[in-house]
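Peer 1: The chain contents come next:
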Amino acid sequence: ELKVEQNPLFLSMQEGKNYTIYCNYSTTSDRLYWYRQDPGKSLESLFVLLSNGAVKQEGRLMASLDTKARLSTLHITAAVHDLSATYFCAVDIKGAQKLVFGQGTRLTINP
Amino acid sequence: DGGITQSPKYLFRKEGQNVTLSCEQNLNHDAMYWYRQDPGQGLRLIYYSQIVNDFQKGDIAEGYSVSREKKESFPLTVTSAQKNPTAFYLCASGGWTDNSPLHFGNGTRLTVT
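Respectively, the protein sequence lines represent chains Z and V.
Residue 71 in our numbering is what sits at position 66 of the first sequence, and the numbering runs on without skipping anything.
Residue 65 in our numbering is what sits at position 76 of the second sequence, and the numbering runs on without skipping anything.
So that you can see chain Z by itself, here it is in the shape it has in the complex (with noise of 0.2 Å):
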């Protein structure tokens, strides 16, 4: 059964800084998701990696996979209010098409 664990589960941190949330996942899977979720919003996609070594950037978010190591980094450079969001990753089990959630990184970051 393949799980997908996230940490830390909250984050609270000030304008400006760095941080980085991980995502470890249990078993072999070729492709990652990285989503962002407003209160009482669905669910917006902002990164798929699909390779080891693969790293995106968009803004002041970059995500990292390393299929080896069945890690994924979502790292945050010098945050900015209107990231607070919660932050999920999520794994395709190889061959069933369907994904498994972590459980989501409460991101508050306050000025």
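Since the hints were derived computationally from the structure, they do not count as laboratory data.
Built from N, CA and C at the ideal position, the CB exists for glycine as well.
Mixed in with the good hints there might be a few duds.
As the list claims (entries may be wrong) - Label pairs and their computed distance ranges (CB to CB):
| id | chain 1 | residue 1 | chain 2 | residue 2 | range |
| --- | --- | --- | --- | --- | --- |
| 1 | Z | Asn29 | V | Ala70 | 32 to 38 Å |
| 2 | Z | Pro116 | V | Gln30 | 25 to 31 Å |
| 3 | V | Gln30 | Z | Glu49 | 17 to 23 Å |
| 4 | Z | Leu14 | V | Thr75 | 19 to 25 Å |
| 5 | V | Arg2 | Z | Asn57 | 45 to 51 Å |
Said to hold, decoys possible - Covered by chain Z, per the in silico footprint, the following chain V stretches (three or more residues, Cβ under 8 Å):
| id | segment |
| --- | --- |
| 6 | 27 to 33 |
| 7 | 37 to 47 |
Given chain Z's structure and the hints, the job is docking chain V onto it.
Peer 2: Chain V alone, transformed into the frame defined by chain Z:
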């Protein structure tokens, strides 16, 4: 514009009643999914369908039923057998062949009293 439409946005029901949540997509995706989200929690898979007229149970299928008679539509029925139905329900669809992510609808918040 292509997308996924869930309705209604809010739904209130009395305990013991069945209720059906609608999900329609015009993205021409073969696969559709229903997830449940409880406050402060991640998403758990209820049912999924990879092709018309076929569907599989997810991790928490008990008390739920689905149908997939058309490619565009994947309704979810929450039956009276579901012990704790109050939750936020999210429908998603995906093409998988194009390496794109799952696309999510805006969700239905169900409250059962």
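Peer 1: Give a verdict on every hint.
Peer 2: Results of checking the hints against the structure:
1. Z/Asn29 to V/Ala70: 32 to 38 Å: holds (35 Å)
2. Z/Pro116 to V/Gln30: 25 to 31 Å: Distance hint for Z/Pro116, V/Gln30 holds at roughly 28 Å.
3. V/Gln30 to Z/Glu49: 17 to 23 Å: At 18 Å between Cβs, range holds.
4. Z/Leu14 to V/Thr75: 19 to 25 Å: holds (22 Å)
5. V/Arg2 to Z/Asn57: 45 to 51 Å: At roughly 47 Å between Cβ atoms, Z/Asn57 and V/Arg2 fall inside 45 to 51 Å, so the hint holds.
6. 27 to 33: holds (count 5)
7. 37 to 47: Result for this restraint: holds, n = 3.
No hint from the list above goes unmet by this structure.
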